[in-house]
Amino acid sequence: MAYSDKVIDHYTNPRNIGTLDKSSESVGTGLVGAPECGDVMRLQIQVSDEGVIEDAKFKTFGCGSAIASSSLATEWLKGKSVDEALEIDNMEIVEELALPPVKIHCSVLAEDAIKAAINDYRVKKGLEPLEAEKSIH
Amino acid sequence: MQLPIYLDNNSTTKCDPRVFEAMTPYFLKDYGNAASRSHAYGWKTEEGVDYAREQIAKIIGANSKEIIFTSGATESNNLALKGVYEMYAAKGNHFITVSTEHKAILDACKHLEKLGAEVTYLPVAENGLITIEQIQEAIKPNTVLVSVMYANNELGVIQPIREIGALCKEKGILFHTDATQAVGKIPVSVIDDNIDLLSFTAHKMYGPKGVGALYVRRKNPRVKVTAQIDGGGHERGMRSGTLNVPGIVGFGKACEIAMAEMDTDAARLSKMRDKLENALLQLEEAYVNGTKEHRLPHTTNISFKYVEGEGLMMGIKDVAVSSGSACTSASLEPSYVLKNLGLDDELAHSSIRFGLGRFTTDEEIDFTIKCVTDAVNKLRDMSPLWEMFKEGIDLKSIEWTEH
Numbered sequence: 001m002a003y004s005d006k007v008i009d010h011y012t013n014p015r016n017i018g019t020l021d022k023s024s025e026s027v028g029t030g031l032v033g034a035p036e037c038g039d040v041m042r043l044q045i046q047v048s049d050e051g052v053i054e055d056a057k058f059k060t061f062g063c064g065s066a067i068a069s070s071s072l073a074t075e076w077l078k079g080k081s082v083d084e085a086l087e088i089d090n091m092e093i094v095e096e097l098a099l100p101p102v103k104i105h106c107s108v109l110a111e112d113a114i115k116a117a118i119n120d121y122r123v124k125k126g127l128e129p130l131e132a133e134k135s136i137h
Numbered sequence: 001m002q003l004p005i006y007l008d009n010n011s012t013t014k015c016d017p018r019v020f021e022a023m024t025p026y027f028l029k030d031y032g033n034a035a036s037r038s039h040a041y042g043w044k045t046e047e048g049v050d051y052a053r054e055q056i057a058k059i060i061g062a063n064s065k066e067i068i069f070t071s072g073a074t075e076s077n078n079l080a081l082k083g084v085y086e087m088y089a090a091k092g093n094h095f096i097t098v099s100t101e102h103k104a105i106l107d108a109c110k111h112l113e114k115l116g117a118e119v120t121y122l123p124v125a126e127n128g129l130i131t132i133e134q135i136q137e138a139i140k141p142n143t144v145l146v147s148v149m150y151a152n153n154e155l156g157v158i159q160p161i162r163e164i165g166a167l168c169k170e171k172g173i174l175f176h177t178d179a180t181q182a183v184g185k186i187p188v189s190v191i192d193d194n195i196d197l198l199s200f201t202a203h204k205m206y207g208p209k210g211v212g213a214l215y216v217r218r219k220n221p222r223v224k225v226t227a228q229i230d231g232g233g234h235e236r237g238m239r240s241g242t243l244n245v246p247g248i249v250g251f252g253k254a255c256e257i258a259m260a261e262m263d264t265d266a267a268r269l270s271k272m273r274d275k276l277e278n279a280l281l282q283l284e285e286a287y288v289n290g291t292k293e294h295r296l297p298h299t300t301n302i303s304f305k306y307v308e309g310e311g312l313m314m315g316i317k318d319v320a321v322s323s324g325s326a327c328t329s330a331s332l333e334p335s336y337v338l339k340n341l342g343l344d345d346e347l348a349h350s351s352i353r354f355g356l357g358r359f360t361t362d363e364e365i366d367f368t369i370k371c372v373t374d375a376v377n378k379l380r381d382m383s384p385l386w387e388m389f390k391e392g393i394d395l396k397s398i399e400w401t402e403h
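Chains as they are written, first to last, in the numbering used here: chain A, 1 to 137; chain B, 1 to 403.
Treat the hints as calculated values from the structure; they're not laboratory data. All values derive from a computational prediction rather than experimental measurement. By construction, the Cβ of each residue, glycine as well, lies at the ideal position given by its N, Cα and C atoms. Heads up, some of the hints might be wrong.
To be verified - Simulated DEER-style distance windows between Cβ atoms: (1) B:137 <-> A:129: 53 to 61 Å; (2) A:2 <-> B:170: 51 to 59 Å; (3) B:137 <-> A:8: 46 to 54 Å; (4) A:23 <-> B:287: 30 to 38 Å; (5) A:2 <-> B:14: 18 to 26 Å; (6) B:209 <-> A:122: 55 to 63 Å; (7) A:23 <-> B:397: 15 to 23 Å; (8) A:95 <-> B:14: 37 to 45 Å.
Between the sequences and the hints, there should be enough to build the whole structure, so can you do that?
Printed below as a string of structure tokens:
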């Protein structure tokens, strides 16, 4: 299967690989997927007092499309407010990376990772976790 | 050095130029139908087929009359299983096979189960092998056929064929082996191994695609299979259809070359394979799948833990290999062969099969070692599982969100 140029670019030069201090009050961590499914994403956000995502990091175990989806997600998250970040839809990732149908689950996983990281941050701040929207995958 | 490097020789091989050359006259000059008895075009091609049949029979120690030409090993396997089922229905309906067989065997068995066959699928041990005791215990009064592959396509492990053949002979049960990966690579003898039916194909041994054969024993015992393709009654009535003459001639030539060069090829390739394997095992948490003792000389299957196979293949795009991961398929199921070894799914997802071949060079092996090592290290740097492993976190203790 041929990968799009953008997937190859993110795979070859992934943005924002790394780890943030998950015990920090201002860091939200989302860990989604499962090793037996061949995809695990960990996405972390660091949020300022004003509620702006200052930094985002990821590590992903998965195929090129999974790596590219999470890399792209961290790029988009930086500078957004938490509320804006919640608006990111997996289909935007599919479009941007030109993912084929068999790889749509990679984008779904990236969206799940964003939501999981935000929820982790919300819980730390004493807020209610958001009801997870049931994605079909 | 031409990129990508081809290390997927268990999948198919390049046609040897000597084979290609032997085939060309049969496309352009001697294009007659081998069944045409009335003119020189037919005689000429029949002569070519007869000669090839001898070359092909020789490589497995058979008589040329025992070779039935087919379109490939998949068809040979289907003909063997379905043909025996129909022909020997009066004797019994129980087949014994192995869970790591090729899909051509497993799916043909499933088809026969729907028609009333009873099939025992033997599990393999962690090393990929079955034992003779397992076969012994599975045999029942209504057992008519045991079908065990000679060497596994994903792992290269070689089953105890000789012992199984001897047991089947003693019990009066037919023995079929899918020897697709073995013929031309290691010595195979239908006499010494007491094989009654054997499937093989040209394109795994530097011959052309689209031509294979089924060996059907003619003496002690005389074996017959019911034809699955009806028509002009070619191939002693067991497989109708105009013979693929250029393919058959190429198949013959490929067998002749393989017989002459098998020993030197095997010695050279096992040395290169061992070099590749040992270098890659220098990486932490890298494991060889299947036994290293009873194995084809040119194959190794390695899991790189905490790295996903498809992601790894993308990182080594200059090396053409196969992965046990099937992330591309809708099912997301990793290789059933690796799962049958008892491997965790994550290890099965992390596996790469390297299949060396006649045209593999030392330079290519060196390049592959560097390429794979770099890619594994890079992907581990971005793998959350690797980080957890390094922190001593047991991955089994985590509640994963299945998707």
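For each hint, the structure was consulted:
Hint check: residue 137 of chain B to residue 129 of chain A, Cβ distance near 55 Å, so the stated range 53 to 61 Å holds. Under the hint 51 to 59 Å, the C-beta atoms of residue 2 of chain A and residue 170 of chain B, about 54 Å apart, fit the expected range. About 52 Å separates the C-beta atoms of residue 137 of chain B and residue 8 of chain A, a value consistent with the hinted range of 46 to 54 Å. Range check, residue 23 of chain A to residue 287 of chain B: about 34 Å between beta-carbon atoms, so the 30 to 38 Å window is met.
About 23 Å separates the C-beta atoms of residue 2 of chain A and residue 14 of chain B, a value consistent with the hinted range of 18 to 26 Å. The given range of 55 to 63 Å is respected by residue 209 of chain B and residue 122 of chain A, whose C-beta atoms sit roughly 58 Å from each other. Taking the beta carbon of each, residue 23 of chain A and residue 397 of chain B are about 18 Å apart, inside 15 to 23 Å as hinted. Distance hint check for residue 95 of chain A and residue 14 of chain B: the Cβ-Cβ separation is about 40 Å, which falls inside the suggested range of 37 to 45 Å.
Checked against the numbered hints above, the structure breaks none of them.
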